[in-house]
Amino acid sequence: DAGITQSPRHKVTETGTPVTLRCHQTENHRYMYWYRQDPGHGLRLIHYSYGVKDTDKGEVSDGYSVSRSKTEDFLLTLESATSSQTSVYFCATTGGQTGNSPLHFGNGTRLTVT
Amino acid sequence: GQSLEQPSEVTAVEGAIVQINCTYQTSGFYGLSWYQQHDGGAPTFLSYNALDGLEETGRFSSFLSRSDSYGYLLLQELQMKDSASYFCAVILTYNTDKLIFGTGTRLQVFP
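Protein chains in written order, with the working numbering: chain A, 277 to 390; chain B, 23 to 133.
Calculated directly from the structure, the hints in this document are not laboratory data.
Bear in mind that the values here come from a model prediction, so they are computed numbers and not experimental data.
Every residue, glycine too, gets a C-beta built ideally from N, C-alpha and C.
There's no promise every hint is true.
[Stated by the list, open to error] Facing chain B, from chain A, some residues (calculated, C-beta under 8 angstroms):
hint : residue
1    : Gly292
2    : Gly318
3    : Thr331
4    : Tyr340
[Said to hold, decoys possible] Taking CB as the label site, the calculated pair distances span:
hint : chain 1 : residue 1 : chain 2 : residue 2 : range
5    : A       : Asp338    : B       : Gly75     : 24 to 32 angstroms
6    : A       : Asp338    : B       : Arg81     : 35 to 43 angstroms
7    : A       : Thr302    : B       : Glu77     : 46 to 54 angstroms
[Stated by the list, open to error] Not close to chain A: a few residues of chain B, all C-beta gaps over 12 angstroms, as computed:
hint : residue
8    : Ala34
9    : Ser55
10   : Asp90
11   : Ser91
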């Protein structure tokens, strides 16, 4: 499977602090995504990237920013963390943009904002 | 907007057959995908329907009907290890980079 590493795996932070989550892939996939997963909401797209320095917003982008300076790294930043951003965050990658190019997911980052 | 609706939970016994439905409201998409996620794990790809009809992959089959805005995942010969959450997903035609997921169905298989 695609080598996707998310760091950190767990983080507890205080309201109002900035937080950066990292996604690193070794498959040279063009497309990278950040999702959040909350009970009752499934997986919701935050931001995605379709190439180095090419990013766009997803369904729930408010309060988040992303950067992709290299093919292998996609960073998600919570500019000022709020309790509503407590969630499990998944990074995913794919080499193609059609449905039969499946997404490969990282193991997730559990973020708690107190 | 776009939405993909699934039942929140389905239960069944080992050896049975279960169908997980996905109904959607979207202006256009390339096809319907299904993903499986075990508790505490990451989602993994199961199947993809580009065209209407049934696609079979071992014990799992997936169906799509664009005219009915409906799809389903069929799991046969259920095993305990099939207990997981299942998500349908689509890539929207007006933006081919976004994969949007359904709300997810938690399947519990009992002995």
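Status of the hints after comparison with the structure:
A hinted interface residue such as A/Gly292 counts as satisfied when its beta carbon comes closer than 8 angstroms to some beta carbon of chain B; here the least separation is about 29 angstroms, so the hint is violated. For the restraint placing A/Gly318 at the interface with chain B, the shortest Cβ-Cβ distance is roughly 4 angstroms, inside the 8 angstroms limit, so the hint holds. The interface hint given for A/Thr331 is violated, since its Cβ lies 10 angstroms from the closest Cβ of chain B, which is over the 8 angstroms cut-off. Taking 8 angstroms as the C-beta cut-off, the interface hint given for A/Tyr340 is violated, the closest approach to chain B being about 15 angstroms.
Checking the proposed 24 to 32 angstroms range against A/Asp338 and B/Gly75 shows it is violated: the Cβ atoms sit about 39 angstroms from each other. A C-beta distance of roughly 41 angstroms is found between A/Asp338 and B/Arg81, which places it inside the suggested range of 35 to 43 angstroms. For the pair A/Thr302 and B/Glu77, the supplied restraint of 46 to 54 angstroms is violated, since their beta-carbon distance comes to about 30 angstroms. The Cβ of B/Ala34 sits about 21 angstroms from the closest Cβ of chain A, beyond the 12 angstroms cut-off, so the non-interface label holds.
Not every Cβ of chain A is farther than 12 angstroms from the Cβ of B/Ser55; the closest lies at roughly 5 angstroms, contradicting the non-interface assignment. Look at B/Asp90: its CB is around 18 angstroms from the nearest CB on chain A, clear of 12 angstroms, so calling it non-interface holds up. Every CB of chain A is more than 12 angstroms from the CB of B/Ser91 (nearest about 16 angstroms), matching its label as outside the interface.
When each numbered hint is compared with the structure, violations occur for hints 1, 3, 4, 5, 7, 9.
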